[in-house]
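There are 2 protein chains.
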Amino acid sequence: MAQSGKLFLIPNTLGGETVLDIIPQEVISIATSLRIFAVEEIKSARRLLRKMDREFPIDECHFVQMNKHSGEKELMELLMKLVRGENIGIISEAGCPGIADPGAELVHLAHSQGIEVNPMVGPSSFLLALIGSGFSGQKFSFHGYLPKERKDRVKKLKDFEMDSRRNGTTHIFMDTPFRNMHVLEDLLNELSDLTELCIASNLTLHNARIRTRTIKDWRENAYDLSKSPTVFLIGKSQ
Amino acid sequence: MAQSGKLFLIPNTLGGETVLDIIPQEVISIATSLRIFAVEEIKSARRLLRKMDREFPIDECHFVQMNKHSGEKELMELLMKLVRGENIGIISEAGCPGIADPGAELVHLAHSQGIEVNPMVGPSSFLLALIGSGFSGQKFSFHGYLPKERKDRVKKLKDFEMDSRRNGTTHIFMDTPFRNMHVLEDLLNELSDLTELCIASNLTLHNARIRTRTIKDWRENAYDLSKSPTVFLIGKSQ
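So the protein sequences, as listed, match chains A and B.
When you read off a place in the first sequence, starting at 1, and then add 347, the result is the number in this note's numbering.
When you read off a place in the second sequence, starting at 1, and then add 347, the result is the number in this note's numbering.
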């Protein structure tokens, strides 16, 4: 029986302007050795590969788009390639694949067939925000995107505040940039003066900002987040 | 007034044998430009710096050890240096500082004085395990080390299993290598046949292993983890 291929999880940068020296050399070597890619968005995957190697033979590559519209068929096609011995790279639109994108499903299928999975080191906005917040990293929860309805969102935020106060857990969440100011408004209006909030925006970009303050302080120091990829954290020091 | 210094969070490798090309170039440039370091363990910090640059002037550097025995005095000394305009790097024994080490306290203090904090991209075993597991990355909780008492540990593991089944949250936890086999035993004895468990050991090392299986399958495929840094995950596919 032929040997199976390997599945590599290739990290992308966190934004167009980011220089490539935040991606480790090993990732560049492996990514540019591959010719089959399962990607969240073809354009950003091509851009990454071209940045890694200006001579990279994009036209010889096979890209399979994986998003909420893609289905069983694409996944099975990719799995069959792995089983037949071909190596595949998963590339997300930004950061590490599998955090908030459809890559995880292919990884899960790969395990079911005994395919070797290789997660690779690279940028992750929630992780950079967590370590840069100064909040406890011993115990934390990542919640992804918040509910769209204000009432549901406020309830979540208050739950995070309560749990952080009682158990010391750090709560990490985010939203799409155009809703960031609604989230911030809710945080500043609904949480207690002394609750600590970290706002981390544009991480790894030239205009990165990360700062932990009390809600009271933030009320006087809020800034425009409506166009900035932002991670919010509620927590306390260890 | 003089400008404040900056605080850099420098990732370490995940083990002695790891090659340096899993650390991004930017981290190497910045780390080797610094001369003051707040470190979890002086030996591993020196080793990292020497690996980054064989000519690195270790003897011109000031290392302050930060662990559970160090106190207010060391922290204040470091904070004063930052306030006076000196740059400082935090280096953990392994991986990104601030996840399960004393670095977070200095970061928190730095924010209180308006010091610029710069988290840098690098290896993190729980993150690699999470993306490599194939479990949902939309919602997850990191619990750090498990309780030492068997009864308490089993209760936690059952809570994780229940929550993962009900809410789809991925639960991530670990223990010191010499207790890994007790954790594995509890997982295999106490959880349900069809619950999915990912075991990720020696990540980024030559003998890295990461695999997601059902508890039933693991019972027939368990391997020795007693000397391997290991991350355990309970979860399900998205």
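Accuracy of the hints is not assured; some may be wrong.
Chain copies aren't distinguished; within one or between two, either way the pair holds.
[What the hints assert, rightly or not] Within a straight-line C-alpha distance of at most 27 Å, the following computed BS3-like cross-link-like pairs (lysine-lysine) qualify: (1) 420 / 503; (2) 415 / 583; (3) 502 / 583; (4) 502 / 420; (5) 415 / 505; (6) 486 / 502; (7) 583 / 398; (8) 398 / 502; (9) 415 / 503; (10) 574 / 498.
Please keep in mind that the hints were generated in silico from the structure rather than gathered at the bench.
Structure-based check of all given hints:
For the homomeric pair residue 420 and residue 503, neither the shortest alpha-carbon distance inside one copy (37 Å) nor that between copies (38 Å) is at most 27 Å. Proximity of residue 415 and residue 583 under a CA criterion of 27 Å is satisfied inter-copy only: 18 Å between copies versus 36 Å inside one chain copy. For the homomeric pair residue 502 and residue 583, the shortest alpha-carbon distances inside one copy (20 Å) and between copies (26 Å) are both at most 27 Å. Taking CA atoms no more than 27 Å apart as the test, residue 502 paired with residue 420 passes in neither setting, with 39 Å inside one copy and 40 Å between copies.
Proximity of residue 415 and residue 505 under a CA criterion of 27 Å is satisfied in neither setting, with 31 Å inside one chain copy and 32 Å between copies. Taking identical chains as interchangeable, the C-alpha atoms of residue 486 and residue 502 lie at most 27 Å apart whether they share a chain (21 Å) or sit on different chains (17 Å). With identical chains, the CA atoms of residue 583 and residue 398 are never at most 27 Å apart, being 39 Å at best within one copy and 35 Å at best between copies. When the C-alpha separation of residue 398 and residue 502 is checked against a cutoff of 27 Å, the pair qualifies neither within a copy, at 43 Å, nor between copies, at 49 Å.
Within a single copy, residue 415 and residue 503 get their C-alpha atoms as close as 25 Å, which meets the 27 Å cut-off; across copies the closest is 33 Å, which misses it. Taking the shortest alpha-carbon separations for residue 574 and residue 498, only the intra-copy value of 24 Å comes in at or below 27 Å, while the best inter-copy value is 49 Å.
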